[in-house]
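Please put together the full structure from these sequences, using the hints given.
Residue numbers (our numbering), protein chains in the order written: chain A, 20 to 308; chain B, -12 to 264; chain C, 334 to 617.
Simulated from the structure, these hints should not be mistaken for lab results. Do not take every clue at face value.
The calculated lysine to any residue pairs, modelled on SDA-like cross-linking and capped at a C-alpha distance of 25 angstroms, are [to be verified]:
#1 B:K159 / B:D205
#2 B:K19 / A:D74
#3 B:K154 / C:L343
#4 B:K200 / C:P463
#5 B:K159 / C:H389
#6 B:K154 / C:S386
#7 A:K123 / C:L343
#8 B:K159 / C:L464
#9 B:K19 / A:G248
#10 B:K238 / A:S249
#11 B:K123 / C:Q467
#12 A:K295 / C:A446
#13 B:K238 / A:G248
#14 B:K123 / C:L464
#15 B:K200 / B:A255
#16 B:K19 / A:K295
#17 A:K123 / C:M361
#18 B:K77 / C:E392
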Amino acid sequence: MPEITFVRSRSILRDRLVQLLVYAAVLVVSGVFIWILADLVRGGVAHLSWNFFVDSPRDAGRAGGIGPILVSTALILLVALVVALPLAWATAVLLAEFVPATSKFGTIVRYSLQVLAGVPSIVFGLFGNAFFSIYLGLGFSILSGGLTLACMLLPILVSTAEAGLRAVPENYRMSAAALGMSRTATLLHLLLPAAAPALAAGLLLGIGRAVAETAALLFTSGYVERMPGSLLDSGRALALHIFDLSMNVPGGDAPAYASALVLVVLLLAINIVAMKLAYGLQRKRIMPA
Amino acid sequence: MHPSKQGWGFFAAVVMIAFIVLANPGSAASNKLVITGSSTVAPLVGEIARRFESRNPGVRIDVQTGGSSRGIYDVRNGVADIGMVSRALKPDETDLQAFTLAMDGISMILHASNPVEALNQQQVVDIYSGRVSNWKSVGGRNARITVVNKAEGRSTLTLFLDYFSLKNSEIKPHIVIGDNPQGIKTIAGNANAIGYVSIGAAEFEINYGVPVKLLPLDRVDASVDTVRRGIFPLSRPLNLISRPAPQGLAKEFIDFARSTQVHDLIEAQYYVPVSIH
Amino acid sequence: MFRSVFTDTLLRWVLQAGAVVSALVMAMIMLFLLSESWPVLQHLSLAQFLTDSSWHPLEGSYNLTPMLSGTLYASMGALLLAVPLGIASAIFIVYYASPRSALLYRRLIELLAGIPSVVFGFWGLTTLVPLVNQLHPPGASLLAGILVLTLMILPTIALMTYAALIAVPDEYIRSAAALGLSGWSMIRGVALPAARTGIVAGIVLAAGRALGETMAVLMVAGNVVQHADSLFDPIRTLAANIALEMAYAMGDHRAVLFVSGLMLMLLVMTLSGLAGWLGKKSYA
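What follows is the structure in structure tokens.
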């Protein structure tokens, strides 16, 4: 029947068209991604050298390297993790193991973290400036910046750890209870080791988030580009350094490209490892324990 | 059990409290100065601070920009010991004391490739208020003008507005910038842009080969020389400010920054030292 | 036995303390935003943020509407581009690609999600802004902001859509095939409707991210306080306004910035609440 043939050929035509559009979209997205990476590599690779990683910036960053900036970034990260990790993992253990999912306390904590996860980073910056820098008198310091980031990291650290703990098979807990192990011992010897890959993946995601952050640090850790002498000194994070070089330093594009390249390669490495951990986890979950 | 492994939460609480106690404002080291404010003054003070540190081992001076208003705000607020302000203090700022380091001027800048060599007052006003939008109207090539304005709270903006009797609300900018170097960078990257910046900052960047040029103002060349001779019409003092009667390290630093020991640094930044008697 | 009960009690106490501190962070943020905004909320009426003649905080006028329109234009524009691209990306991974290229492309999207906003901003500033400038000066514009934001929210939409599409039960697909539906008819008629709530949740989440993004937009959008008449006009968003002016704002001006932070947060909270609700519904 000619009519049906016509309909079918039209639908085939439409299928082809949609397929074409989808492929075009994929090409555009991949193209732009490669364009960005290529730009970063082309602009930055010539500027990279061992000295770039260890030297102090000179001439507002046009010359010299990013040594003190890497140190500041690491210190801010360290403060953030030392504060956020214990809090986040304690919260996750409590939510996953100790309180029923429907309890009022659990709901409140979970809701508050869910809201926290959506707060824009500039708002964390406002809060950090008002609370840590001025109210607590920490000024523009690595400590202020790190504590602000700690607040920002809590939701992601809690949710990854909670998911990891929930993924530990129920029979672990049953057997431990049958053996008369205390809940503390069960937690320390069974549950946490079993959830370790998830904890590590969450940790890496948190590190990635913290290292990429700029807006929350603008008014908390400041942007003094010197080697910090203590946690109370201001220190410029790598992301802020890129911002400053690209906005405020004529002739700062080459070191900005190089710094951006360092940051992106660092983050890609962190994300790839985190993904590996997370996928490994999924596979393990599917296999019988 | 392993008691040492228990209680991260407790550990967290202890860490948090320890941080807060350690960071008590009272315990801040007395051999450290925080200086914030004008981006015009900051590069100079940064250089002075380095020399001061090298002569006084153990002293640490952090210099941060953000604009003159921030310098005033931070000093009032106690976040900074000394502020940097690139204008004279206003009548409502008598709670602060100003110490002039150097003189500077403000002038219009264009991209080096722009054929326009001079603009009169009316032309500048017309361009900034949007009445003239093509370079052709002021003797340039046929291209749209990109007007670069400074963000509020910057004294360069205030002085510019006063000089041309403009109100900020009349200005129709295309790009709003913060620090001086950002303005210079924006104009260096856009052949049809116009902006206004510190003469010292502009000469410093021009010396680095950045493709911008300063325009004369009311037929007076914009240069360190005309500022020095006192004939440049839009000059301003570069000040350090503090709460009255600075003491200890802050006083030492202010005295040092106003002494002849740093005149070479001031000259190197293309500003004009103020002699102190 | 007694000891283990004791350590268990201690542990529980410690964990609870940790959770309370975690939950308090949100409350503290609200508290500080409110207390810092309080001075202006007391003596300025909320209407002033909408009816004042302009945004000239040093002259005492605090009209936030240009920043609101800038924020909304930029976010809407980015969604307009990122939604089709993101959904197409997910459809490619699930239905069109070979397993190998699906994995490759998914990784690429995940890596795109990991690029920090300051790098997008820097790239936009050095690459996109000069390109837009050639098209129509001044270059730093709403368009540049939209393009950069699109790149930043695309991965969220693509990955959430992907998750929603693979969660569509196999029976649906098989019955569709049995009915003779194939290719686009199946995707449009069966897969996308079944994954709808998950996709919408992803879009809402991406919208929240676009509204709150600061650095990338700050670097490419020109930051002029005005209602944009065209894509080539520069704009300033609420978040960029905070980042730009916080450095020197004092008194009422500073308090108004906290008010705009509060507004931003309420906006984003509403959206993320919506996303959470939709997300929950999609699994129900």
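Going down the list of hints, with the structure as the test:
With a C-alpha separation of about 23 angstroms, the suggested pair K159 (chain B) and D205 (chain B) falls inside the 25 angstroms cut-off, and the hint holds. This hinted pair checks out: K19 (chain B) and D74 (chain A) have alpha carbons roughly 23 angstroms apart, not beyond 25 angstroms. Proposed proximity of K154 (chain B) and L343 (chain C) is contradicted: the alpha carbons are some 65 angstroms apart, above 25 angstroms. At roughly 21 angstroms between alpha-carbon atoms, K200 (chain B) and P463 (chain C) fall within 25 angstroms of each other, so this suggested pair holds.
Proposed proximity of K159 (chain B) and H389 (chain C) is supported: the alpha carbons are some 13 angstroms apart, at most 25 angstroms. With a C-alpha separation of about 14 angstroms, the suggested pair K154 (chain B) and S386 (chain C) falls inside the 25 angstroms cut-off, and the hint holds. Proposed proximity of K123 (chain A) and L343 (chain C) is supported: the alpha carbons are some 21 angstroms apart, at most 25 angstroms. Restraint check for K159 (chain B) and L464 (chain C): satisfied, since their Cα atoms lie roughly 23 angstroms apart, inside the 25 angstroms limit.
With a C-alpha separation of about 11 angstroms, the suggested pair K19 (chain B) and G248 (chain A) falls inside the 25 angstroms cut-off, and the hint holds. Distance hint between K238 (chain B) and S249 (chain A) is fulfilled; the C-alpha atoms sit about 24 angstroms from each other, no more than 25 angstroms. With a C-alpha separation of about 18 angstroms, the suggested pairing of K123 (chain B) with Q467 (chain C) holds against the 25 angstroms cut-off. The hinted pair formed by K295 (chain A) and A446 (chain C) meets the criterion: a straight-line CA distance of about 16 angstroms does not exceed 25 angstroms.
A threshold of 25 angstroms between alpha carbons decides the hint, and for K238 (chain B) with G248 (chain A) the separation of about 23 angstroms falls inside it, so the pair holds. A C-alpha spacing of about 23 angstroms is found between K123 (chain B) and L464 (chain C), which places the hinted pair at or below 25 angstroms, so the restraint holds. Between K200 (chain B) and A255 (chain B) the alpha-carbon distance is near 19 angstroms, which keeps this suggested pair within the 25 angstroms criterion. For the hint linking K19 (chain B) to K295 (chain A), the alpha-carbon distance of about 46 angstroms lies beyond 25 angstroms, and the restraint is violated.
Using a Cα cut-off of 25 angstroms, the hinted pair K123 (chain A) and M361 (chain C) holds, with the two alpha carbons roughly 20 angstroms apart. Distance restraint check for K77 (chain B) and E392 (chain C): the Cα-Cα separation of roughly 15 angstroms lies within the 25 angstroms cut-off, and the hinted pair is therefore satisfied.
Checked against the numbered hints above, the structure breaks hints 3 and 16 and satisfies the rest.
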